[in-house]
Amino acid sequence: MPAVDLRPLLPALIVAVTALVVLLAQAFTPKGSRSPSMGLTVTGLAGALLLSLTMASDGRYGRGANTGGSVVADDFTLFFHVLLIGLALMAALLSPAYYRENGGDRGEYYSLMMFSLVGMLGLVSATEMISMFVALEIMSVALYALCGTRRDQVESQEAALKYFVTGAFASAFLLFGMALLYGLSGSTSLARVARGVATATPEQIPLAVLGCGLLIVGFGFKVASVPFHMWTPDVYEGAPTTVTALMAAGVKAASFGAFLRVFLGSLPTLREEWVPALAALAAITMVIGNLGALAQSNLKRMLAFSSVAHAGYLMTGMVGTTEASAQAILFYLVAYGAVNMGTFGLIASLSKGGREPLSLQDVAGLGARRPAIAASLTVFLISLTGIPISGGFVGKFYLFGAAVNAGYTGLAIIGVLMSVVSAYYYLRVVVAMYMREPEGEDVWSTPEAPGRLAALIAVAVTLGLGIWPAPVLDLARAAALSLL
Amino acid sequence: MNLEPTLAHYLLVSAALFALGLLGLITRRNAVQALMGVELMLNSANLNLVAFSRFGTGGIDGQVFGTFVIVVAAAEVAVALALVLALYRMRRTPNLDAATTLRG
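Protein chains in written order, with numbering that gives the first Met the number 0: chain A, 0 to 483; chain B, 0 to 103.
Since the hints were derived computationally from the structure, they do not count as laboratory data.
Glycine included, every Cβ here is placed at the ideal spot set by N, Cα and C.
One should not assume that every hint holds.
[Stated by the list, open to error] Negatives, chain A to chain B, calculated, CB over 12 Å:
#: 1; residue: Asp74
#: 2; residue: Arg105
#: 3; residue: Glu127
#: 4; residue: Val153
#: 5; residue: Glu157
#: 6; residue: Ala159
#: 7; residue: Gly176
#: 8; residue: Gly185
#: 9; residue: Ser186
#: 10; residue: Glu271
#: 11; residue: Pro275
#: 12; residue: Val415
#: 13; residue: Arg427
#: 14; residue: Ala431
[Said to hold, decoys possible] To give an idea of the interface, some chain A residues facing chain B are shown, with a C-beta separation under 7 Å as derived from the structure:
#: 15; residue: Ser32
#: 16; residue: Glu136
#: 17; residue: Val140
#: 18; residue: Tyr143
#: 19; residue: Phe163
Please put together the full structure from these sequences, using the hints given.
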């Protein structure tokens, strides 16, 4: 057996150790003095990000190293690691101002965020079902607690409990599906599962299909696809906004990472069975997500339904099951992650004294009062709609292209039509910002330097992906190739 | 008559447990009882894993998996009970359908 090389685990280890240090630092900070949590968090995450970038750009630093078969450091993993750590870093930058305005800037918050990130990092790199399940739970359990970090607010507590109940439900389905696949193949390794499914006898096929179906239910919950989306609006609305940002951007990306690795990477032989199911789910997800968003007046709820709709677009890309579809999904996850982090981040950094700008009246006239913020929000909403020169347009172009190439033209048409519908509720916000007269006093806070930096990064990524998508497309392609 | 249980028996019991857990999770109003439903579902999967490990070709992997699941479930319940308690302090009820602030 060749020597096991654990260097690929280093970024996740750095994040985990930083989380523990932040916990301890919080305990030893005297009352009244400034907490070092945010500084430590940003330092740790930046270190992990640099290390991931070095590993991704240079093969000598453990790329593709033998890690004993539980996790793998291929291009797919590294792509997601850079994305996820980057998103968490932005969420950390946005947090201090938000928590100061809304009560309780505590070290536990940053630690939980990093524990959740460790779970996400593990989820996208796991090549074995035990690791995948444990990573998923590390991510989820930390998030349940994160949703409830605003202890004085009943919405936050309610969101946490609702997220827990549905999340546990999803985990149980996923676990049962994994158990069936283990029974079929006699191994928890995804590669051996793939072999077991490929050589299954006719009597074993129903078992494989049932396991596959249960996994779709489990992942469907995590990525918020219809009919497993009922938790999304409540949880997104009730959770602290910076946590919502991490959920919408990071959890969705990590869950899709595992979804892709299991289905495209390990269950391609059952394609005939799961592709039609996924196509049907994608269609109803796009329709219900977009129609649901039309009816919302609360921005966070509207973005929650938009997150459901985007799960549908991403699943549309997945029916292609080729490397082009994986490439499209990876690219779109970057574009979508940046946009979500930016939108929720701006809402969070405008919040003042426990209130956030959540209705159209709240953002009315923002274009005149806060030109920079209104312009950034416009960029994000344009990207969510999928209008050219934004990353969202390029991403949707490739996603629907993958569906068309797979023969699912109808699905792509539904996607395009639903994007047109979505323009109504996204651009309604833009219209309110620029065309309506502001009402009352300007009560919102001015975003602080870290928040502005995070928003600036999000704008740059969104426009960059729209104007010059080639570099990220190439990286996504390399990542997709290492998966299939 | 052979009374030795076979793999099929274990799978049936586990499927029944899963269904009962699901039913409990969906129908129970009390958050603690819903939690029990979750536990039942996770443990039915555990039973499957161990049965496959005992009767199948899977070696000991399934039992290792089961052990991990038990640990994870314990952590999950700890967090969940904390959340139930936090909501109980505000609402004075452990009922899930009292959680109706968020809707739309």
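Hints broken by the structure, by number, lowest first? 3, 4, 5, 6, 7, 8, 9 and 15
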